[in-house]
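On the provided structure of chain W, position chain V as indicated by the hints.
Number of protein chains: 2
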Amino acid sequence: MELAKRAVEIQASPIRKLMPYAVQAKKNGLKVYHLNIGQPDIETPEAMLKVYHEYSEKVLAYGPSQGLDVYRQGLVDYYARQRINLKENEIIVTTAGSEAIIFAMMVVANQDDEVIVPEPFYTNYNGFATMASVKLRPLTTYAETGFALPENAEIEKAIGPKTRAILLCNPGNPTGTVYSRDELARVVEIAKKHKLYVLSDEVYREFVYDDAVHTSIMHFEGFEEQAILVDSISKRYSACGARIGCIVSKNKALMEAVLKFAQARLCPPTIDQLAANACIYLPDKYIQDIRTEYQKRRDLVYNELLKIPNVICRKPQGAFYICVKLPIEDAEDFMIWLLKDFNIDGETVMTAPAEGFYATSGMGRNELRIAYILNEQDLSKAMKIFRAGLDKYLSLKAK
Amino acid sequence: MELAKRAVEIQASPIRKLMPYAVQAKKNGLKVYHLNIGQPDIETPEAMLKVYHEYSEKVLAYGPSQGLDVYRQGLVDYYARQRINLKENEIIVTTAGSEAIIFAMMVVANQDDEVIVPEPFYTNYNGFATMASVKLRPLTTYAETGFALPENAEIEKAIGPKTRAILLCNPGNPTGTVYSRDELARVVEIAKKHKLYVLSDEVYREFVYDDAVHTSIMHFEGFEEQAILVDSISKRYSACGARIGCIVSKNKALMEAVLKFAQARLCPPTIDQLAANACIYLPDKYIQDIRTEYQKRRDLVYNELLKIPNVICRKPQGAFYICVKLPIEDAEDFMIWLLKDFNIDGETVMTAPAEGFYATSGMGRNELRIAYILNEQDLSKAMKIFRAGLDKYLSLKAK
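One line per chain: the protein sequences are W and V, in this order. For the first sequence, position 81 (counting from the first letter as 1) is numbered 71 according to the numbering used here, and the numbering increases by one without interruption. For the second sequence, position 392 (counting from the first letter as 1) is numbered 382 according to the numbering used here, and the numbering increases by one without interruption.
Here chain W stands alone, though its shape is the one from the complex (with noise of 0.2 Å):
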C-alpha cells in the first residue's frame, strides 16, 4: 500500500536520531549527561501542579475551542505585563506551541506558498510545514556574527511571488540569539513593504540576560494586521507535558480564521489549562530566579567553550542553548564518538548535532547546540567531559 508523499518525505527528528546510541551507552553501564534537549529540569511551579490535586469538577469536559475564559482573561494579564495589551479574542489557546504555529502556517498560506525562516532553526518548524503543505525558505545566519539578521538585502533576495511570511524565533533556538528592536524593525519594514506576515515564535521571552530586553513583535505600532505571535508555557514554567500555548493577532480576520481551524479539533486539554492559569499569578521572583539561574549556567558553558582553540562562539543572550562552531569536520560523528567510545569515570555527554536545524544542506555539519538544562554541578562536569573528549577526538583525527 501506497503512502502519501509527504509521509515519505516529513523529516524524522534529527534530534531523537543519535537517541540509540545513548540507549546504548546506558545499557552498558555510562551514565550521560544529557544536553541535547530542551526539557528543562527546573521543577514545575507547586501552584501549578496544586491545580491537578485540587481539581474537583465531576465531569471532565470539553472548553471552548478558544480555550477557557479563565485562562484567557489570564493571559490578557500576563500579556498586559510583556507591554501587550490584547482583548480576550486576540488569544487563542493551542494544544502547545506547535499547534499555534501549526494553525499560522495554515492560516497565511496556502499550498506550496513560502514561509521565510533564518536557519538554523528549531527542527520541528520542517514537520509543521510538511504538515501544513507549506515551504520553508531558510536564510543563512552564522555562528561568526552570533546568528545576527542578515542585511535588508540578504533578506530581500529571499523573497518571491509565493512568499507569504517570515517566521522567527525569538530568543531563538538553537541559538539563544535575542534580536534587537533594530533588527526586528527592519523586519517589520520589508515585511510592510512585501505585505508579509510576520510570524513570532517567543516562547523563550523571559529567558534573556546580561542587558538584554525582549522585543516582542507585539511591540511594533501599526504593525498589527502582520504580527502573529505564537507562544507556549512549556519552557517558561517547565510544563512542556501540559501542551498548552497559544496564538495571538490583532487582525480580526485572522483570528476568525483560526478559530475555525480550532473549532475542527474541539479543544485543548482542560485541566492543563487551568494549571496553565495558576503559572500566571507567580510572584515576578519566580522568573527572576529562574533567569538568573540560567544566565549563570549560560556563562558557565560559555566560558568552557572559549577555553577550546578555534572555536567560534558569541555569548548568546536568551533561552537557554548555546550554538558553537567546532574545529571538527562532523558534529555527529563527535558526537556518536562521545557515546560509543569515550568516557570519564563511567560518565559521557550528549548534545545536539546542528546540521538538522539547517535547511540548507551541507550547513552546520561543525556546529552543535548544547542545553544548558542541567544544574551547575552537573554542568559543570559534562562541559568538562565534553572538553577533555573533544581533545582526544581531535588527536585522534590529528593521526
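In short, the hints are calculated from the structure, not lab data. Any given hint might turn out to be false.
Pairs involving identical chains hold if they fit within one copy or between any two copies, as the list cannot separate such chains.
[Claimed, not checked] In the DSS-like style, the derived pairs of lysine-lysine whose C-alpha atoms are separated by at most 30 Å in a straight line are:
#, residue 1, residue 2
1, K(-5), K240
2, K242, K125
3, K48, K182
4, K382, K125
5, K48, K387
6, K77, K17
7, K387, K297
8, K389, K240
9, K183, K16
10, K(-5), K125
11, K387, K16
12, K17, K240
Chain V alone, transformed into the frame defined by chain W:
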C-alpha cells in the same frame, strides 16, 4: 492582508452556529436543555480523576512522541479485550481522536486526493480534511434505511483515480448506526479491490444496544495493511477535556510515517495520558452500566419521536445520537424558533440541525440530530418540550 484560501474556505462549526440563540434565550431567563452537543453528562471515573489528584512528579515533562510506555501497554490490554491483538508499536497516542484523524489523512492522501465518507458525517471531518488538504467525497445514506451503507455499486461509483481511503464512523455520529459485520466485509472487499485504506473511527465502540455487536476494522484478517483505527477516550470515559486518543495500524511503514508527524508536535499531554491509563483497568461493570443507561435514554427519545406523525426514524443501535427526518422544511428554522419563540414554563430545548452533517448541498435540511446526554428525567422533559414545540411550529406553518 490576504488570508490563505483554506482559511476562508474551512467550514465554521455548524453545531456552534446556533449558540448565539441559546445564549440569548438564557439571557432572557429561559432554561435550555442541550441535546445539541456530544458532551456526555455521565461522571468521569473516580479512578481517572484520582490520577490528577495524586500526580507527584516534580517536573511535568515531555513524554515520548508515540505516547507514554505505560499507557501504550495499557492500550494493548484494552484492545486485547476488544479482540484486537496489538503490539505497542502498532499504537501511537494522539491529542484526542481529532489528531489521530488528521495524521491518518496526512499519511494516506496527498494534497487534493480524495477520501470517501458516508454522509451524514461528523462535521469536523470537514475541518480535518481542510487541514490535511484532502477532499471529502460524500456517499449519501438515508434516514429511511437507518443510514445503512449503500450497495457496492453505489460505493464503487464514488471511487475515482484520486481516491485513497474510505472513512467510516462506527457506531456513527450523527446517525447512531452500527455497521454489521457483513456491511463492513463489503467495504473491506471493495477496499482490497481498489487498494484503498479504510480509516475507522470507533470512539463509540462500547455504546451498542439490543443485540448489536460491534465489529472493528481491525477484526478483518488479511486486511492489516489497509486498516487504520482512530480512537479516543472522550466519550467512553466521559473525559472529553483530557484530549487523549490514538491511531492504530499493523501497517509498519504507515506507523513509521505517523511517528514522524507525531515527533514534530513532540507529545500528547502527559498527566492526561496517565489519567486515561487508569480507565483501562475499570471493572467491566463500569461500561455495562453506562451502556444500560444510554440504552434506556435511546428508548425514551426514540419512543417520543415515534409519536410524531410522519416522522422518519429507524431505531439506531449505537453511540448516543438519533438522527431523525421531520415533517418540516427547515430544521434550522425550527431550532431558531424553539430558542426564540417557544418555551414551556420557561424551558426550551436545543438539538443540532443535520444539514451541517451533509456535504451534498441541500441534503438533511429537514433532519436533526438529538444527543441523549441528559439524565432520563431531564431528557423526558426535553422531549416533551420538543414534541409540543414541533406541534405548535407545524400548526403555525400550516396557517
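Hints, verified against the model:
no.	hint	verdict
1	K(-5) with K240	between (36 Å within a copy, 20 Å between copies)
2	K242 with K125	both (25 Å within a copy, 27 Å between copies)
3	K48 with K182	neither (50 Å within a copy, 45 Å between copies)
4	K382 with K125	neither (41 Å within a copy, 57 Å between copies)
5	K48 with K387	neither (64 Å within a copy, 43 Å between copies)
6	K77 with K17	between (53 Å within a copy, 23 Å between copies)
7	K387 with K297	within (19 Å within a copy, 87 Å between copies)
8	K389 with K240	neither (60 Å within a copy, 49 Å between copies)
9	K183 with K16	neither (54 Å within a copy, 48 Å between copies)
10	K(-5) with K125	both (14 Å within a copy, 16 Å between copies)
11	K387 with K16	within (25 Å within a copy, 76 Å between copies)
12	K17 with K240	between (52 Å within a copy, 29 Å between copies)
Consistency with the previously given hints fails for numbers 3, 4, 5, 8 and 9, ordered from lowest to highest.
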